[in-house]
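Knowing the structure of chain S, use the given hints to seat chain Y on it.
There are 2 protein chains.
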Amino acid sequence: MGCSFTVEETDATSQARLGTLTTPHGRVATPAFMPVGTQATVKALTPVECRELGVEILLTNAYHLYLRPGVEVVEAHGGLHRFMGWDGPLLTDSGGFQVMSLSKLRKITPDGVVFQSHIDGSEHLLSPEKAVAIQEGLGADIIMVLDECPPYQATYDYARESMDLTSRWAERCRAAKRRDDQALFGIVQGGMFADLRADSAQAITALDFDGYAIGGLSVGESKELLRAMVEATVPWLPESRPRYLMGVGTPLDLVEQVARGIDLFDCVIPTRNARTGTLFTSQGRIVIKHARYSDDRQPLDPECLCYACTTFTRSYLRHLFQAGEILSSRLNTLHNVSFYMRLMGEVRQAIASGRLEDLCERMEGLFGPVETEPGRG
Amino acid sequence: MGCSFTVEETDATSQARLGTLTTPHGRVATPAFMPVGTQATVKALTPVECRELGVEILLTNAYHLYLRPGVEVVEAHGGLHRFMGWDGPLLTDSGGFQVMSLSKLRKITPDGVVFQSHIDGSEHLLSPEKAVAIQEGLGADIIMVLDECPPYQATYDYARESMDLTSRWAERCRAAKRRDDQALFGIVQGGMFADLRADSAQAITALDFDGYAIGGLSVGESKELLRAMVEATVPWLPESRPRYLMGVGTPLDLVEQVARGIDLFDCVIPTRNARTGTLFTSQGRIVIKHARYSDDRQPLDPECLCYACTTFTRSYLRHLFQAGEILSSRLNTLHNVSFYMRLMGEVRQAIASGRLEDLCERMEGLFGPVETEPGRG
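Keeping their order, the protein sequence lines are chains S and Y. When the letters of the first sequence are read in order and numbered with the working numbering, they come out as residues 47 to 423. When the letters of the second sequence are read in order and numbered with the working numbering, they come out as residues 47 to 423.
Pulled out of the complex, with its shape left as it was, chain S reads as follows:
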């Protein structure tokens, strides 16, 4: 594999760990948050801005890029890194989740999933082999197996069958893999059932992947259920491999799940909420459209050093939002990603100094309790 992972330090009072993920395009200090760049761009940001904000790894989406611009176009550029102007580590999600959530017509067969493009209605078959081929063409540092992501209302029987299918697909993905400079991560499923999560984790880890993701969460379930599913899974995952909780979460989720042993996260929340005007600050959430900010001449977050916070007032940011200006999405995204990156730095520092619980309490005071928002990119 082209990636390696080392655990540098483990927390004495939780399952949190400090690690380093080494990829062909550089290192990532974990626990890490991966901003979502679904269509080969983090919405509203440039790669240079991501780098300056301290982002070390980005996620993009194989399903979206397969449909548009097409794998050949990306491949002709020499891969996704060159195509999108990001020379750091990259992860592609396989597209399983998007096939489920975006396609109008889909049919799951043992061979794969037949779906209709959300762009032009054309019909496609996504098999495990094709999911790997697409991701090898795109050339991210880390690629994901094809999984089936059941809805959170799925019955026990549905979740078990789906989990078995995901296991068979995982095995086929592993067999189909050709490139040795990419890491392949398996995905644990099992719906909202603790015993199925344990079964899935054992089945998937038996296949020996370079890392393990926990999928099918943050799809509408309660915080308690999210926590329970993570707790049912992590004990079955090997210490030596990175653990990636897909599509999670809020600032509070991140800290809580780091304490449960998670190393990697992705979520659309910081970027999507930025565009809809919800901003994360050291004083809690700010909904920038509120009239109370119309003449508020303070910085958005006095503790933040991002360009938005050091240059403009809340009043101006509210004006931009109300006026529907593109600069509103830009500055809000810049800030929220800055907040997430700073938070992950604090998380790593807290693990190193044994103060993760304090950070968790602080985040709970600022942002909890709010239900988890769906967020897989």
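It is worth saying that the hints were derived from the structure and are not from the lab. Predicted model, so just to flag it, every value in this text is computed and none were measured. Don't take every hint at face value.
Identical copies go unnamed one by one, so any copy, or any two together, can satisfy a pair.
To be verified - Computed cross-link-like contacts, BS3-like style, restricted to lysine-lysine with a CA-CA straight-line distance of at most 30 Å:
hint, residue 1, residue 2
1, K150, K335
2, K335, K176
3, K176, K269
4, K153, K335
5, K153, K176
6, K176, K223
7, K150, K176
Chain Y in isolation, oriented as in the chain S frame:
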């Protein structure tokens, strides 16, 4: 006044001149193009980016800012410069044009114009005195008189009456002016009639403003008519004051009108066309959505040093446009403004070296002949 203007050099073979406009917020080398920042932001760009692209002066719109966020909000920040984070020279348009083009219901009376807000339908009276008070509250370096901007199909009689009204309003604006650190520019009207243009220029210059704008053009008329109206006006304008052609134009327009003696321009074309995917390059116009760019791995403009051109391929820019990504608007705008700034640098250099006609021919080869697009910001 807080501004001064000096003509440094005049072209031997045209009416073009090189000048320096000095304002309380810095100098502007003329001929200059002012990017349009209607709502206190150049759409999709930050002030820092504008500065880095070589922008020396921005235009914003008093009508828009009066309606949202309101003059008091801007005033409480210490003015528009602080509000929008731009510490360079600023010009505000009075709003006369926007009242005509955006308001659903309007009634012109000798006292001013009654209009309905395009945002919330509320009714407002914009008088010459109020237009000045608003712009004094906003605090730009250069403010504009309230004018009536007749449609280009206006009859001779309508255009003459409208022009007389604009003259009376100009006089009232001058009388209403209180701040002595702002320059006030008069606006010449007169529809599409050369004799009325000359009459208007004489009436407005008799009032002795700090600079003179030519308004009511680029509203749908032909290139010939645009040229004729400028030619009918410029001879009546004093050499010693800056001349500003409002809402013009394309790259070719700029060079052509500089040769007719114009010093200042504003136009939405570079920014609006960027968002709709029409890009100006050293190889001519590029409509980025075209399929021919889907796998074009060249830079957008090999001669341009902007971030978009030095980092990404046409193929990637097309992908961003097709995907409706905010980064598409950002990179396209960055490039088009970069192109305009470089062009104005070439214009000034061409005047200095007596080669403006060559530049005009080159622009004609690249961009002409295309009808003028309406563009007042």
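Verification of the hints:
Proximity of K150 and K335 under a CA criterion of 30 Å is satisfied inter-copy only: 26 Å between copies versus 34 Å inside one chain copy. In the homo-oligomer, the alpha carbons of K335 and K176 lie at most 30 Å apart only across protomers (28 Å), although the nearest pairing inside one protomer, at 44 Å, exceeds that limit. For a Cα distance limit of 30 Å, the shortest separation of K176 from K269 qualifies neither inside one copy, at 34 Å, nor across copies, at 56 Å. Proximity of K153 and K335 under a CA criterion of 30 Å is satisfied in neither setting, with 42 Å inside one chain copy and 33 Å between copies.
Taking the shortest Cα distances, K153 and K176 sit within 30 Å of each other inside one copy (16 Å), while across copies they are farther apart (65 Å). When the C-alpha separation of K176 and K223 is checked against a cutoff of 30 Å, the pair qualifies only within one copy, where the shortest distance is 10 Å, while the shortest distance between copies is 71 Å. For the identical chains of this complex, K150 and K176 are intra-copy neighbours only, at 20 Å inside a copy versus 55 Å across copies, given an alpha-carbon limit of 30 Å.
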